[in-house]
Amino acid sequence: SHSSPYTMDILALPDIFLRDLLRLLGIGDRMNLRLTCRTFEQLVANTHAGYFKEGSIYRYSESCQAICLGDKQIRNAMQGEAKLRQLLHLRSRLFSRISFGKFKIKCINSQGEVSKQQTLCASSPPS
Amino acid sequence: RIYPLMRVTLTTSDGASVTVSRQLTKHSGFIEKAITDMAVDDNAVPLSAVAVDVDDATLKLVIEWLTEHRDDALPYPEKTDEERRADDIPAWDQAFVQKWDTKEDQQQTLYAVITAADKLDIKGLLDMTCKTLANKINGKTVEEMREILQLECDFTEEELAEIRKENAWCEN
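Protein sequences appear in the order of chains A and B. For the first sequence, UniProt numbering gives the first residue as 1, with consecutive numbering after it. For the second sequence, UniProt numbering gives the first residue as 1, with consecutive numbering after it.
It is worth saying that the hints were derived from the structure and are not from the lab. Errors might be hidden in some of the hints.
[Stated by the list, open to error] Using 30 Å as the maximum straight-line C-alpha spacing, the simulated DSBU-like pairs for lysine-lysine come out as follows:
1. B:123 / A:53
2. B:79 / A:104
3. B:165 / A:72
4. B:140 / A:72
5. A:102 / A:83
6. A:53 / B:140
7. B:136 / A:102
8. B:140 / A:102
9. B:140 / B:99
10. A:53 / A:104
11. B:165 / A:104
Bound conformation, chain A alone (with noise of 0.2 Å):
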C-alpha cells in the first residue's frame, strides 16, 4: 500500500482531467455520473460528450419519435412541446457537444415502410 499523504479527491484534479475523463464515457455513464453530485452533475453538463460512431432519429408519426444517441435512445421525443422542451432540458443536461461518424434520418410510415431516409457522414456530404 502506498504511504503518500494524499487523500483520493476526484474533484480537485485538474479540471481538463475532469473533462478528458468524461469525453471517454458513454452517455449511460454519464447519466449516473450526474446522480453522484452536484459537481459532477455540473461537470456532465458542461463537457463535450465526444465522438459517437453513430446517431439516428427515427420518425414513426406526428407524435412518435425515436433520438439514438450513441448508445442510448430518447423515446417519444417530440409528443407535444412540452416534451420537447423536457428533451431539449435533458440534452443541455448530459452533454455539451458531441460529434457523430455517421447520422441517419429515417420518416416510417404507418405501415412499417421507409417513406424518406436520409444518412450524414463526417467525411462526406450528404447522401
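For chain A, the structure is supplied; the task is to place chain B on it using the hints.
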C-alpha cells in the same frame, strides 16, 4: 535537442533526491522547462536540483513508467474524439497499474500518480491514468461510482428524483 547522457537531480516534496537521465525527463514538460530556465550549457549537467512537488514513493512510480516509455515519440500525439478510447491501454501499463492500484489502497496511489503526472506535465502518463479511471467507472451503478470516486451524495431526495425522471427519458 536532448542530451540523453545528461543527468538531472530531482528533489521530492519529502526531501529525497533522485538522479535520472534526460532521456526520461524529456517527457516531463515541467522538468524540461525548469532545465531550460536554468540556462545550462549544452554539455553541462544541471547540478541545481529541480524541485518537484511530488513525494518520493510517487516519483519512483513515475520514474518506473518513464523508464518503460523513454523511447516514446514526442510530442505526445493528440488524438481526435474519434480516435480516443479507453480500452487501448498497453499491456505493460495495465500490469504497472495493477501492481499498486488495490482496493485496500482506496486508489490513493492512482490519485497521487494522476496528480504527479499533471504537476510534472507528463501527457502520456496523464492520458493512461485517465483511461484507467474511465475503465473503473465504465458500466457501474451510481452507488458503485460514488464508492470508486469517494464522493458524498449532496443531493436532496427531491433533486435525485428529478434527475432520475430526466434520465428515464433515455433507454438502452
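Given the proposed pairing of residue 123 (chain B) with residue 53 (chain A), does the C-alpha separation stay at or below 30 Å? holds (26 Å)
CA of residue 140 (chain B) to CA of residue 99 (chain B), is that 30 Å or under? holds (23 Å)
Check the hint pairing residue 79 (chain B) with residue 104 (chain A) against an upper bound of 30 Å on the C-alpha distance. Holds, because 25 Å separates the two Cα atoms, which is no more than 30 Å.
Between residue 136 (chain B) and residue 102 (chain A), is the straight-line Cα distance small enough, at 30 Å or below? holds (28 Å)
Straight-line Cα separation of residue 102 (chain A) and residue 83 (chain A) no greater than 30 Å? Roughly 26 Å separates the two Cα atoms, so the pair holds.
With the threshold set at 30 Å, check whether the alpha-carbon distance from residue 53 (chain A) to residue 104 (chain A) stays at or below it. holds (11 Å)
What's the verdict on residue 53 (chain A) and residue 140 (chain B), does the C-alpha distance respect the 30 Å limit or exceed it? The given pair, whose Cα atoms are some 22 Å apart, holds under the 30 Å limit.
Are residue 140 (chain B) and residue 102 (chain A) close enough, with their CA atoms no more than 30 Å apart? Given pair residue 140 (chain B), residue 102 (chain A) holds - Cα atoms ~28 Å apart, limit 30 Å.
Between residue 165 (chain B) and residue 104 (chain A), is the straight-line Cα distance small enough, at 30 Å or below? Given that 30 Å is the threshold and the Cα spacing comes to 27 Å, the pair holds.
Are the Cα positions of residue 140 (chain B) and residue 72 (chain A) separated by 30 Å at most? holds (16 Å)
Hint check: residue 165 (chain B) vs residue 72 (chain A), CA-CA at most 30 Å. Holds or violated? holds (15 Å)
Hint check: no violations occur; every hint is consistent with the structure.
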